[in-house]
Amino acid sequence: MGKKKGKESEEAPRGWKDFFNPREPIPRSLYLALTLSSFAFFLAIWSILTYGRLVDSLFLPSPGRVFQAGYDLFLELGFTSDILNSVYRVMVGFIVAALLGVPLGLIMGTFKAAEAFTEPVVGFIRYMPASAFIPLFILWLGIGDVEKIAIIFVGSFFQLVLMVAVVAKNVQKDLLETAYTLGAKRFQVIRKVLLPASLPGIVDTLRIIVGWAWTYIIVAELVASASGIGYMIISSQRMLRTGNIIFGILTIGILGLITDYFFKWLYNRFFPWVE
Amino acid sequence: MEEPVKLHIHNVTKTYRSKGHEVLAVEEIDLKIKNKEFATILGPSGCGKSTLLRIVAGLIKPTQGIARLDGQVIREPGQDRGMVFQSYTLFPWLTVKENIQFGLEISGMSKPKQEKIAQEFVEKVGLKGFERAYPKGLSGGMKQRVAIARALANNPAILLLDEPFGALDAQTRALMQELLTQVWEELHKTILFVTHDVEEAIFLSDRVFVMTARPGKIKAEIDVPLPRPRSYEIKATEAFLNLKKQALTLIREEAIKATQIEKT
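Those protein sequences? They're chains A and B, same order as listed.
With the working numbering, you'll find the first sequence wraps up at 275, consecutive numbering, no jumps.
With the working numbering, you'll find the second sequence wraps up at 264, consecutive numbering, no jumps.
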């Protein structure tokens, strides 16, 4: 129905003023053009500032220089292994957080007793910034992968637990009652109703959390590190290689985008029934 | 031949706490529903008629009194009491057919048998061709058809319907009433139906119990001796209109009281 509506308005005569109607759909072609031009817009400003010599290239190198820096990074400075190191840390930290956090969150959202017991502690720790744990974790765990992974874990786990608990809590009570009247016992209701009803919300939560995990890894790698994207960025700063820094930031953006699309794909692939 | 009592609601009272106050939802309700009877509880909104139905379903416990189905005291929900809710309660991750099979699967029935029964009920409620559709693609009326089929597929001793057509538009509603009458005339299940719609109550039922405004009590009982099978045309007959008038007068008094309760 939504699609049809969009098509109708595409064919309808349009005046300049129509584009200011709140939430009104705009033609697909225009939408696509605007999307592409947003990237072009930033690239244009960047080019004007740099190629026009309005800004010192030490502070902001031109697009061409940044891509040259990227080329060198990959071919000469082993940037691939930095990326793999960061991806490895993020994934291990995130997966461990998810493996423990999703079940705990579900239990918290399902049983009031579990909620009463865990929510105060989790809710408290959640407000402690993960980056503040770095000095402590260096003391406890050293400066290797374990410490970086622990930062990711702390940053993701507590948020994840609370968000999954909310997802489970929001499952329509009517659905649970319906299952009871169809003869389901308590654990059947959990397994056959609560769990499948929560899954889309869980995947969506994981998508958001993995984005945060990417920001924590960089912070973790900026301090006491010998590899990773964050390490490359901080060591480039010491050598005033601004191009490398910018390329590193862009790389993180792209990696984040890829994980985001992966989760979106997962969502659409496995939950075609979501309204 | 007089049918035996199927459901006996015996002196049931339900109070609950709301904002520190004790609220009396239903008070000393005594009802006997006969086997194979289509009985309706008709009452103004907020009179506790849904509360009563949920007690029969076993979803809530009465403060006083008991409900018995076939002589057995009702303590918890069970497969012998199928329920259809006003809100749409299809499991959105299951297709139409899988929804109907839900209760059968729970009871451990073999897959081929489940499929056969589900298919039978898909056809009974007129949803052939929609077996593999997800609920999101269905209209409100179709969703409620599936919900009815799902409850019936379990072969319950009694079917409980809590304003199942309350969210539907007038035309769909009328069609659903006809569908339900047809299904009932075919299967002859005992049905306890709850509604605030007078015409709906008369059209569907053998007996209508009119409830008072809160606290809900049984105010009157109306026998509906209209012939069956019934079609929509019966709604224009004099006998129907007389019954409707009788029920309307009773329910109007209560509706007025209900608005006064809300004001206080």
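These aren't lab readings, by the way, just hints derived from the structure by calculation.
Watch out, some of these pointers could steer you wrong.
[Stated by the list, open to error] Listing some non-contacts, in silico: residues in chain A with all C-beta distances to chain B over 10 Å: (1) Val-55; (2) Phe-74; (3) Val-87; (4) Met-91; (5) Arg-126; (6) Ala-179; (7) Leu-182; (8) Lys-192; (9) Val-193; (10) Leu-240; (11) Ile-252; (12) Phe-271; (13) Trp-273.
[Unchecked claim] Cross-link-like lysine-lysine pairs, in silico, DSBU-like; alpha carbons within 35 Å at most: (14) B/Lys-217 to A/Lys-185; (15) A/Lys-173 to B/Lys-124; (16) B/Lys-257 to A/Lys-192; (17) B/Lys-113 to A/Lys-112; (18) B/Lys-257 to A/Lys-185; (19) B/Lys-235 to A/Lys-112; (20) B/Lys-124 to B/Lys-111; (21) B/Lys-19 to B/Lys-34; (22) A/Lys-192 to B/Lys-235.
Positions of the beta carbon are idealized from the N, C-alpha and C atoms, including for glycine.
Each hint tested on the structure:
| no. | hint | result |
| --- | --- | --- |
| 1 | Val-55 | holds (52 Å) |
| 2 | Phe-74 | holds (44 Å) |
| 3 | Val-87 | holds (32 Å) |
| 4 | Met-91 | holds (28 Å) |
| 5 | Arg-126 | holds (30 Å) |
| 6 | Ala-179 | violated (7 Å) |
| 7 | Leu-182 | violated (4 Å) |
| 8 | Lys-192 | violated (8 Å) |
| 9 | Val-193 | violated (7 Å) |
| 10 | Leu-240 | holds (55 Å) |
| 11 | Ile-252 | holds (35 Å) |
| 12 | Phe-271 | violated (7 Å) |
| 13 | Trp-273 | violated (4 Å) |
| 14 | B/Lys-217 to A/Lys-185 | holds (32 Å) |
| 15 | A/Lys-173 to B/Lys-124 | holds (28 Å) |
| 16 | B/Lys-257 to A/Lys-192 | violated (43 Å) |
| 17 | B/Lys-113 to A/Lys-112 | violated (38 Å) |
| 18 | B/Lys-257 to A/Lys-185 | violated (41 Å) |
| 19 | B/Lys-235 to A/Lys-112 | violated (50 Å) |
| 20 | B/Lys-124 to B/Lys-111 | holds (20 Å) |
| 21 | B/Lys-19 to B/Lys-34 | violated (38 Å) |
| 22 | A/Lys-192 to B/Lys-235 | violated (43 Å) |
Going through the hint list in order, the structure does not satisfy hints 6, 7, 8, 9, 12, 13, 16, 17, 18, 19, 21, 22.
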